[in-house]
Each structure stands twice: as structure tokens, then as C-alpha cells.
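Asker: Guided by the hints, dock chain B onto chain A, whose structure is given.
Here is how the chains run, residue by residue.
Number of protein chains: 2
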Amino acid sequence: MRPTGKLLAEDARRHHRALMLQRLFSEGPVSRADLARATGLTRVTVSDLVGGLIDDGLIVELGSPAETRVGKPPTLVGIAADARHIVALDLSPDDRMIGTVQDLLGAVKARVELPREGRSGAQAVRLAVSLAAELLRATDRTVLGIGVGSPGIVDGRGVVLDAPNLSWRDVDLAGTLHREFGVPVHVANDANTAVLGEHTFGEAGDGDFLLLRIATGVGAGLVVGGVLVQGHGSAAGEIGHVIVDPGGKPCACGRVGCLETVLAVPRLRERDPAALAQVGEVLGEALAPVIGLLNLHQLVLAGPRDLLDGALRDAVDRTVRERTMAVTTEDFVVRTSPLGDDVVLAGAAVLVLSGELGVS
Amino acid sequence: MRPTGKLLAEDARRHHRALMLQRLFSEGPVSRADLARATGLTRVTVSDLVGGLIDDGLIVELGSPAETRVGKPPTLVGIAADARHIVALDLSPDDRMIGTVQDLLGAVKARVELPREGRSGAQAVRLAVSLAAELLRATDRTVLGIGVGSPGIVDGRGVVLDAPNLSWRDVDLAGTLHREFGVPVHVANDANTAVLGEHTFGEAGDGDFLLLRIATGVGAGLVVGGVLVQGHGSAAGEIGHVIVDPGGKPCACGRVGCLETVLAVPRLRERDPAALAQVGEVLGEALAPVIGLLNLHQLVLAGPRDLLDGALRDAVDRTVRERTMAVTTEDFVVRTSPLGDDVVLAGAAVLVLSGELGVS
Numbered sequence: 001m002r003p004t005g006k007l008l009a010e011d012a013r014r015h016h017r018a019l020m021l022q023r024l025f026s027e028g029p030v031s032r033a034d035l036a037r038a039t040g041l042t043r044v045t046v047s048d049l050v051g052g053l054i055d056d057g058l059i060v061e062l063g064s065p066a067e068t069r070v071g072k073p074p075t076l077v078g079i080a081a082d083a084r085h086i087v088a089l090d091l092s093p094d095d096r097m098i099g100t101v102q103d104l105l106g107a108v109k110a111r112v113e114l115p116r117e118g119r120s121g122a123q124a125v126r127l128a129v130s131l132a133a134e135l136l137r138a139t140d141r142t143v144l145g146i147g148v149g150s151p152g153i154v155d156g157r158g159v160v161l162d163a164p165n166l167s168w169r170d171v172d173l174a175g176t177l178h179r180e181f182g183v184p185v186h187v188a189n190d191a192n193t194a195v196l197g198e199h200t201f202g203e204a205g206d207g208d209f210l211l212l213r214i215a216t217g218v219g220a221g222l223v224v225g226g227v228l229v230q231g232h233g234s235a236a237g238e239i240g241h242v243i244v245d246p247g248g249k250p251c252a253c254g255r256v257g258c259l260e261t262v263l264a265v266p267r268l269r270e271r272d273p274a275a276l277a278q279v280g281e282v283l284g285e286a287l288a289p290v291i292g293l294l295n296l297h298q299l300v301l302a303g304p305r306d307l308l309d310g311a312l313r314d315a316v317d318r319t320v321r322e323r324t325m326a327v328t329t330e331d332f333v334v335r336t337s338p339l340g341d342d343v344v345l346a347g348a349a350v351l352v353l354s355g356e357l358g359v360s
Numbered sequence: 001m002r003p004t005g006k007l008l009a010e011d012a013r014r015h016h017r018a019l020m021l022q023r024l025f026s027e028g029p030v031s032r033a034d035l036a037r038a039t040g041l042t043r044v045t046v047s048d049l050v051g052g053l054i055d056d057g058l059i060v061e062l063g064s065p066a067e068t069r070v071g072k073p074p075t076l077v078g079i080a081a082d083a084r085h086i087v088a089l090d091l092s093p094d095d096r097m098i099g100t101v102q103d104l105l106g107a108v109k110a111r112v113e114l115p116r117e118g119r120s121g122a123q124a125v126r127l128a129v130s131l132a133a134e135l136l137r138a139t140d141r142t143v144l145g146i147g148v149g150s151p152g153i154v155d156g157r158g159v160v161l162d163a164p165n166l167s168w169r170d171v172d173l174a175g176t177l178h179r180e181f182g183v184p185v186h187v188a189n190d191a192n193t194a195v196l197g198e199h200t201f202g203e204a205g206d207g208d209f210l211l212l213r214i215a216t217g218v219g220a221g222l223v224v225g226g227v228l229v230q231g232h233g234s235a236a237g238e239i240g241h242v243i244v245d246p247g248g249k250p251c252a253c254g255r256v257g258c259l260e261t262v263l264a265v266p267r268l269r270e271r272d273p274a275a276l277a278q279v280g281e282v283l284g285e286a287l288a289p290v291i292g293l294l295n296l297h298q299l300v301l302a303g304p305r306d307l308l309d310g311a312l313r314d315a316v317d318r319t320v321r322e323r324t325m326a327v328t329t330e331d332f333v334v335r336t337s338p339l340g341d342d343v344v345l346a347g348a349a350v351l352v353l354s355g356e357l358g359v360s
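So the sequence lines, in the order shown, correspond to chains A and B.
The opening residue of the first sequence carries number 1 in UniProt numbering; numbering runs sequentially from there.
The opening residue of the second sequence carries number 1 in UniProt numbering; numbering runs sequentially from there.
Just chain A, with the same shape it has in the complex:
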């Protein structure tokens, strides 16, 4: 036996466990025999792993389905949705921080919003800690972890490298929350988090898609080949300060005509449908090379649907088609996320499910 044998067996066990949970999350309750067929594992291995998951309280036996009463009915097992709770935080709105307690299947059990009142820097960190504390008090279940969608650039360890809106630079948000509460913490950029939310709880399906998260600012997350693109310096998706209108308005970043000067909720609220269509045209012009280059299937606009659906969405769609080859965009779809503003909270829960249980 090679020295790594034990390690590989542990690794394989974790992998198989995640495979089974993935199946249960995506398909709902199934029998042990179904799990064996679906995962390619032996019945013995499946029974062993199911036993472990039942012992951990993550899944439960659900009895037999009514329609199989002829012959010996199989016992179904399913996710014990309420076995663990997840605390999800969305720190991206300009005026407040929002958090939810969710069960393992994403159902919201509690919701808390704290007004930001201009806090930034260390004060904003303390506000996030208070929000998490309040949510943890709202549940009596074991908490699987805290998931956070944060504005700015976030590295793989959960350190916010740069978030101008909160005046955060190298803020170890994951470390701070973990030290405070002793549970696993997963932090990612809000737009990337939104992508996970849309992928798991939205309508993205399995194809490549680009999600624009439109809130106080605008961020993007891109899924290619089922994988979230991270970028060379963990800064993929930073599209808000790409200049799209050099003769336009000054931006908070000190330059002129950034995408955020036209595409941000406060700016959009000031506009009528004709002006929303103009924003859609600017966005379509900026994205046409991206759509052409990636031959993207879906562009998802995630944010307030009353602003995004309609004139703006239609103008993006039309402009992208006008500016690209038909073969690139014949199947192209622009749509809004059914999760609306809650897309980041949904994704923050997925961060935890994925990080702790290996499912997404």
C-alpha cells in the first residue's frame, strides 16, 4: 500500500458523500438503490454512507412512496432541511446590511436588516458582526456556517482586498467572523455570490452565463464550463469601473463615465423608460465584444426587476444583436433573475453548502 492510501480513502469517502448529497439536493428524496445507480457506488458503500449521514442528522428516512405498495417498498431518504441552519449576509446594498437564516434547502427562516447610516471601515465590520450575531440568536439549530456576499475584491481566504464603498482594504472578514462566532465562514464578492445563487436556485441551467449584479454599483460574475471565472488576480467581474462613456458624468472613483455612472440603482431610479433604454444601449455596446468572444448563452440582470425588465432589458438585447454576428447571438438570451434582490443571499447560502458539504 502506498503511503497516501489512507488519505486517498478519506478523500474518496468525502467525495462520495458529497456526490450523494448533491444528488439529494438536486433530485429530492430517493431510495438507496437510486443513489447507488446515480452515483455508480456499490449498494454496500451507499448504505454505509447513508448511515453516516443519518447519524449526522443531515438526512432522514422518509418512509415509502404510495405508488410502490406492490412488492417490498423501498425506503426513501432525503435532506433533513431543518437539521442545520445557514446564516447568509449581503453587505452590498448602499444603505443597509441584510441577513437571513436559511435551512439547508434555502427556505428563509428569519430576516434582519440593519441600516448602514454611513458606516465604513472598522465600524462597518462591527455592523456586519452585529448582524451575524442577531441572526445566530434567531435560530436554535446548529449553524453549518456563515456565508457572506461582500462588495469589492475578495481573495480565496475571505479577505476583502479592496471595497471602496465600505472603505475596506485588506479586511479579514472571514477571520473576524470566525473568531467571533466559532463557525465556518465563507466570503466572496457579491456578484460572484449572486452567480452561485442564480446557478443553484435560479434559472441558469447548465450553460455558460454572465450575471450582472446591479445594486448601488454594478459587478459581474461569469460562469464558463460550469466554473466561476476567478481571474488572474481574483478580480474577475470588476466591470463597474470600466469606462463606457468618456464624455459622461464623473464617477466616485475619480474618473469619468464608468459603467456605474449610468448602471446603478440610484441612477436608474431617476430615469424614465426612454432613458432606461439609453442605458441598455450603452450596456449592450460594452458587452457586445464579450458576448461575441465567449459566444455566451445567457446574460442575467440581477437586481430590482421593475427597473431592469422592460425598456432596459430590451435595449441590451437589441444592441448586442445589432453589434454581433447572427451566428454568435441567435440563441442569446437576456433575462432578469427570478431571485431579484435576494440573489446574493441565496448565493451566500450556497457558499456554505458548497464549502461545508461539497454541494452546489
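These are calculated hints, taken from the structure and not from any lab test.
Do not take every clue at face value.
What the simulated footprint calls covered on chain B by chain A, stretch by stretch (three residues with Cβ under 8 angstroms from a Cβ of chain A suffice, anywhere in the stretch; the number is not a length) [to be verified]:
1. 216–225
2. 228–237
3. 293–299
4. 313–324
For every residue, glycine included, the Cβ atom is placed at its ideal position computed from N, Cα and C.
Answerer: For chain B alone, kept in the frame of chain A given last:
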């Protein structure tokens, strides 16, 4: 034993063989012990596989390195570069078709160019067949396969779905060449082929990069996470007919201001350095959202270096930086490919190496 046992063993054997060849291609001659260490396979398995590869003539024993004459010297094995030849075709130039015979390490053994003289449709297919025939006559070695970089959109089976410059629609180029010559044929879009050439024989390293192939027209290939992005309809990289200058010149496609109306070798040849800088600015404006979104490390301009290096490259670099956040582009590099115009031929050989031997 599960019914798939035999198949899996075959599969594993092919995989291990490819692993070893990959190592030999990238590292040069090594000992069997080195191969075992590098691949994690046992010495017995390595010796067995090496024996098979020697029998097939793909690798040879090279004796021992001079510096290890103390103790029993290990015998090195290496790729038998001349054991097989590869025929590579580049059909993307406007005025001719170019082909080479290359050995397994990419050294060019013969080169043939046939003038196109306006041929298109079936006549252009016949010209490609003639080119391949002439190259096959130029080698006395077993030919591992024919690799082709073709303009237009090419599907996974080597069918050219749409190549306006050659008036090709649904042309089964791989099938035609295979029926004619009885050797394996691999066809891909010229820009995607160029990406493979740059990745294997150029300077791209392991990071994400976007390659623009600038010839008669302009195409792009994008590597994210080590994988070439294919796109929803196999049309990724089709950036040449993205409109970048709505008030500009009419394009052959019937619209106005496509990227190809400014960024194509015939257009660039007419320009002085100041005008080349303007082209660089237009390109930088179109690509800034792409660079920001993907947080790309490298943009590689592949084509005539006398036109691309200098004013044009500098203007792209400057414009992309002006239009994106510093954090996105602080490590960003724009450079020209060291392979110049031969980047597609290099990539066409990689198509065959990858398809037939599993190495890239």
C-alpha cells in the same frame, strides 16, 4: 469485477501513456525512474509503458548522461522526434493556403504554399486537398495525422459550419481529407488553433489569455483555467464582426464598422504609425470590458509583428489601462506572439498531437 473493468483498464493505460508522453514532450529526455516519480506510477508500470512506446517507435533509448558516470548510469528515454510526421494546414490567409510537414517536436521539415487565386466553395476544398497531397508526398515517414486551422466556425467533428471568406457552409473538411488520405484529421477554427500553438510553442505559460489572430480578418481564442472556451454554439472567438465603429467603413458582411474594417492585415498595411495607434485605441475600447470582466493576464496579438508591435500594441495597452480599474490591469500584459504568422501552423500540429497522443 464490474462489466466496465476492461474498458477502464484500457482507458487508464491510454491515460498513463499520455501522461508519460506529456512529460517527455515538456521536459525532454528523462530516465524511467524520473518518469515514475513524475507520474506517480509504479516502476513496473512505467517500464511496461516505455516498452510499448519503444515498440511503437514513438520514443527511443538515448544512452546515459555524461555527468552520472559514477555508479550504474540510468538510461534516458526521449521522444523520437522523427518517428512520425504531422501535416499542418493553415487555410486562413486571404491569398493562399499554407502547409508544413512537422516532426513530433514541431520542427518544420517541408513547407508548401499554394496561391488561392480567388477560389472558394468546392474549388477551395480541392485546393486544400491538393496542398495536403503535396505535403504527404514530401515525407517518407508514417503520418500521425493532418491538422487544419480553418477560418470560420468549426464544430467538434471538423465540419466548417460557416466560413464566409471561402464561401463554405457545412463543409465536412475533416471527413473529406480523411476519406482522401486515410489518416486521422483534426480541424479547428484558425484563431482557436493559434491559441493552441501559442500555448504549446509560444510564451503564454499557464495563465488565462486572449489571443487575437490578425490576418485577412480577425478572430480570437480565449483560454480560461487552462481550457479553450468553446461557447454555447461552438462560436466563441467570433469577434471580427463585432461593431466597434458605427460611423465607420462598410464591411464585407453588409454592416458598418465591424472590427475587421479596421483590424485586418490589408487595412493595417495602408496605415502610418499614428493611424496604427488609432486602431489600437479602438481595439482597447472594445476589449476593456472583456479584460475587466475576466481579469485577464495576457492579451496576445498574433500576426505580422512589424504591424502589431509598436504603436498599435502600445495604444491597446494604454487604452485598456485607462478604461479599467488599476486592480484589474496592474499585471496585465499585451504582447505579440513570437510565432508570428506561423502560429496557426504550430497549433495545427498541436491539434494532431493532442488528438492522437493525448499531449498538448
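Asker: Decide, hint by hint, whether the structure agrees.
Answerer: Evaluation of the provided hints:
Interface restraint, the region 216–225 of chain B with chain A: holds (4 residues with C-beta to C-beta distance below 8 angstroms; minimum three). Requiring three or more residues with a Cβ within less than 8 angstroms of a Cβ of chain A, the coverage given for the region 228–237 of chain B holds, as 9 such residues are present. Beta-carbon proximity to chain A at under 8 angstroms applies to 5 residues in the region 293–299 of chain B; the threshold of 3 is reached and the given coverage holds. Residue count for the region 313–324 of chain B with a Cβ under 8 angstroms from a Cβ of chain A: 3. That meets the three needed, and the coverage hint holds.
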